[in-house]
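Protein chains in written order, with the working numbering: chain A, 1 to 434; chain B, 435 to 580.
Be aware that one or more of the hints could be misleading.
Think about it this way: if two alpha-carbon atoms lie no more than 25 Å apart in a straight line, the pair counts; the simulated PhoX-like pairs of lysine-lysine are [stated by the list, open to error]:
#1 Lys505(B) <-> Lys335(A)
#2 Lys111(A) <-> Lys123(A)
#3 Lys428(A) <-> Lys335(A)
#4 Lys99(A) <-> Lys85(A)
#5 Lys123(A) <-> Lys85(A)
#6 Lys515(B) <-> Lys494(B)
#7 Lys230(A) <-> Lys505(B)
#8 Lys494(B) <-> Lys335(A)
#9 Lys85(A) <-> Lys122(A)
#10 Lys99(A) <-> Lys505(B)
#11 Lys230(A) <-> Lys494(B)
#12 Lys494(B) <-> Lys505(B)
#13 Lys300(A) <-> Lys289(A)
#14 Lys122(A) <-> Lys99(A)
#15 Lys111(A) <-> Lys99(A)
#16 Lys513(B) <-> Lys238(A)
#17 Lys505(B) <-> Lys515(B)
#18 Lys111(A) <-> Lys85(A)
#19 Lys111(A) <-> Lys122(A)
#20 Lys231(A) <-> Lys494(B)
#21 Lys123(A) <-> Lys99(A)
No lab work stands behind these hints, which were simulated from the structure alone. Just so you know, these numbers come straight off a predicted model, no measurement behind them.
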Amino acid sequence: MPATPRRFARLVREQEVHRDVYVSEEVFQLEMEHMFPNSWVYVGHDSQVPNPGDYFGTTIGTQPVLLVRHTDGTVHVLHNRCPHKGTRITSETCGNTGKFFRCPYHAWSFKTDGSLLAIPLKKGYENTGFEQSRAASGMAPVRHVRNYRGFVFAKINDVGLDFEEFFGESLSSFDNMVDRSPVGQLEVAGGVLRYMHNCNWKMLVENQTDTCHPMVAHESSAGTAVEVWKKAPPGTRKPMAVEIIAPFMSPYEFFENMGIRIWDNGHGHTGVHHSIHSDYSAVPGYFDKMTAAYGEARAKAILDENRHNTVYFPNIMIKGPIQLLRQFKPIAANKTLVESWTFQLVDAPDMLLERTLMYNRLINAPTSIVGHDDLEMYERAQEGLHSNGNEWVNLQRLYSPDEAEQTNVAINGTSEWPMRHQFRAWTKFMTMGM
Amino acid sequence: MRSPPIRELIDFVVREARLIDQQRFDEWLDMYADDAFYWMPLEWNQTDPRLTCSLMYEDKLLLSIRVERLKGARTFSQKPKSRCHHVLQTPQVDSRDAAANSYVTWTPMHYVETRLDEQALYAAWATHHLSVERRQAAGSSSSAST
Chain A
1 MPATPRRFAR LVREQEVHRD VYVSEEVFQL EMEHMFPNSW VYVGHDSQVP NPGDYFGTTI
61 GTQPVLLVRH TDGTVHVLHN RCPHKGTRIT SETCGNTGKF FRCPYHAWSF KTDGSLLAIP
121 LKKGYENTGF EQSRAASGMA PVRHVRNYRG FVFAKINDVG LDFEEFFGES LSSFDNMVDR
181 SPVGQLEVAG GVLRYMHNCN WKMLVENQTD TCHPMVAHES SAGTAVEVWK KAPPGTRKPM
241 AVEIIAPFMS PYEFFENMGI RIWDNGHGHT GVHHSIHSDY SAVPGYFDKM TAAYGEARAK
301 AILDENRHNT VYFPNIMIKG PIQLLRQFKP IAANKTLVES WTFQLVDAPD MLLERTLMYN
361 RLINAPTSIV GHDDLEMYER AQEGLHSNGN EWVNLQRLYS PDEAEQTNVA INGTSEWPMR
421 HQFRAWTKFM TMGM
Chain B
435 MRSPPIRELI DFVVREARLI DQQRFDEWLD MYADDAFYWM PLEWNQTDPR LTCSLMYEDK
495 LLLSIRVERL KGARTFSQKP KSRCHHVLQT PQVDSRDAAA NSYVTWTPMH YVETRLDEQA
555 LYAAWATHHL SVERRQAAGS SSSAST
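Modelling step: build the complete structure from the supplied sequences, incorporating the hints.
Spelled out as structure tokens, the structure:
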């Protein structure tokens, strides 16, 4: 079946999407070939490569890339393959390579911006036209890279939107997270949680703004926590763990009123008015530091912004009130690697990092009883969608016929509009340049 | 406070694995002291459970939530329930300090877990920090704490 815009229009309707977007390996390959390379995809944080020669290996879609700090201090993203026979250049996931990369197969070497440095027995390439070859330019750089306040994004293809056009006002969520540091800086800290899921990556993305499931799917985990906590002796101070887990059992009204904001290009966030993070206890000394840095009014404005989950199309989610970023990395139509990264607010009390790490462990770890609730649903969907009795996934909760024209709107917090919105963006970036 | 012989420390660790394998979770929970922590580090050679994330760092409240949840009618991720089996190497007693009431064992193991048609094998080392605790019931019993 040819990859044409009409093919994708048949998969995505106004209120429902065809199950092939979740289960078809063919559609998955088209996502990897078109949709991901046409989009701005999160690569990593520049604090992961603080010194010249530092590198971090990851993927954009399924393409292996390196985030690297060049000798001159700039951050680059390179395709992680030797231009000779295609060998992956780096041995470790992250490390420091000094002033150059060296392929372990034939010892071709490259400067840390990817340009070719040296080839042993180079005279064997004389009079072969080597200078005109692709290999002569070294490790191919990803051509479109942008470092936004430490968050590094890259776009592989030339088609598509420029960075500002792609993200628009959605960057305000990153701003709020970073501004929570008195010096406006974050550092990756505490280790990364990696959790393999046997389901399509989009199921995970949709779950981030799915506000009608917590009180149902998490009844066994969060609900049990609430019940066990009720038996504690009166006057017992509420443990941080209960502060974190209990809000998952908030009633429908809480989530309806919480609100959702929709931005262009598939981005959006839950928690316009409040969120599950709104009632965490105050951290001693933090507000004073923030006031000293920003003045009381601005400090208060920053900390009063309690967004819940901000989804950045195509495949990441961030929180601001705790400093967390989750990547839903596609491996196959039915396989996704979830990486949950945490950040320290530079010059803020350690207790904030402690809380962020506790949240990550309790909610996002492969051992999390809350995470298990969701994974069970995704796996059952991955299985159920093979039924031919109904080939469509329904996304019509709170549908409104004029919603496609609207942007930067705040809506009812239980709407499935964000999911419909992500599929509109999916079609747009899938068919760009086709 | 009496000092348990090596055999009793070994039997204690072996019993814990058996209780989990036989799904006797309330009895398992009872082996833990009130101030116990169950720590599954995230990183190789990790020493800090607070400012580095862990896979598990659970006090008795969180452990009791885990046990309670398995009894729930709506714990769908455990319908059907997982079953498991531990194969332990003989626990090694690394230290016995009767004066401090502190005994440390180290136990390598293979752990198999199965649910529906999937079976997973894990290899692990478990370190137990044990102490003798006098409880209200007749006699005293060893219990685990970290």
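Going down the list of hints, with the structure as the test:
As the CA atoms of Lys505(B) and Lys335(A) are separated by approximately 30 Å, the hinted pair breaks the 25 Å bound. With a C-alpha separation of about 20 Å, the suggested pair Lys111(A) and Lys123(A) falls inside the 25 Å cut-off, and the hint holds. Among the hinted pairs, Lys428(A) with Lys335(A) is consistent with the structure: their alpha-carbon atoms are about 24 Å apart, no more than 25 Å. For the hint linking Lys99(A) to Lys85(A), the alpha-carbon distance of about 22 Å falls within 25 Å, and the restraint holds.
Simply put, Lys123(A) and Lys85(A) have alpha-carbon atoms about 19 Å apart, close enough for the 25 Å limit, and the pair holds. Proximity of Lys515(B) to Lys494(B) is assessed by CA-CA distance (about 22 Å); at most 25 Å being required, the pair is judged to hold. For the hint pairing Lys230(A) with Lys505(B), the CA-to-CA distance comes to about 17 Å; that is within 25 Å, so the pair holds. Proposed proximity of Lys494(B) and Lys335(A) is contradicted: the alpha carbons are some 34 Å apart, above 25 Å.
Taking the CA atoms of Lys85(A) and Lys122(A), the gap is near 16 Å; set against the 25 Å cutoff, the hint holds. Our distance criterion of 25 Å between C-alpha atoms is broken by Lys99(A) and Lys505(B), whose separation comes to about 58 Å. Restraint check for Lys230(A) and Lys494(B): the C-alpha separation of about 15 Å stays at or below 25 Å, so the hint holds. About 17 Å separates the Cα atoms of Lys494(B) and Lys505(B), which keeps this hinted pair within 25 Å; it holds.
Distance hint between Lys300(A) and Lys289(A) is fulfilled; the C-alpha atoms sit about 12 Å from each other, no more than 25 Å. Distance hint between Lys122(A) and Lys99(A) is fulfilled; the C-alpha atoms sit about 20 Å from each other, no more than 25 Å. Using a Cα cut-off of 25 Å, the hinted pair Lys111(A) and Lys99(A) holds, with the two alpha carbons roughly 6 Å apart. Note on Lys513(B) and Lys238(A): the hinted pairing is violated, with a Cα-Cα distance of about 31 Å set against a maximum of 25 Å.
Straight-line distance between C-alpha atoms of Lys505(B) and Lys515(B) comes to about 10 Å, which keeps the hinted pair within the 25 Å bound. Between the alpha carbons of Lys111(A) and Lys85(A) the distance comes to roughly 18 Å, so the proposed pair stays at or under 25 Å and holds. Of the pairs offered as hints, the one joining Lys111(A) and Lys122(A) holds, with about 17 Å between alpha carbons and a cut-off of 25 Å not exceeded. Restraint check for Lys231(A) and Lys494(B): the C-alpha separation of about 14 Å stays at or below 25 Å, so the hint holds.
This hinted pair checks out: Lys123(A) and Lys99(A) have alpha carbons roughly 24 Å apart, not beyond 25 Å.
Of the numbered hints listed earlier, those contradicted by the structure are 1, 8, 10 and 16.
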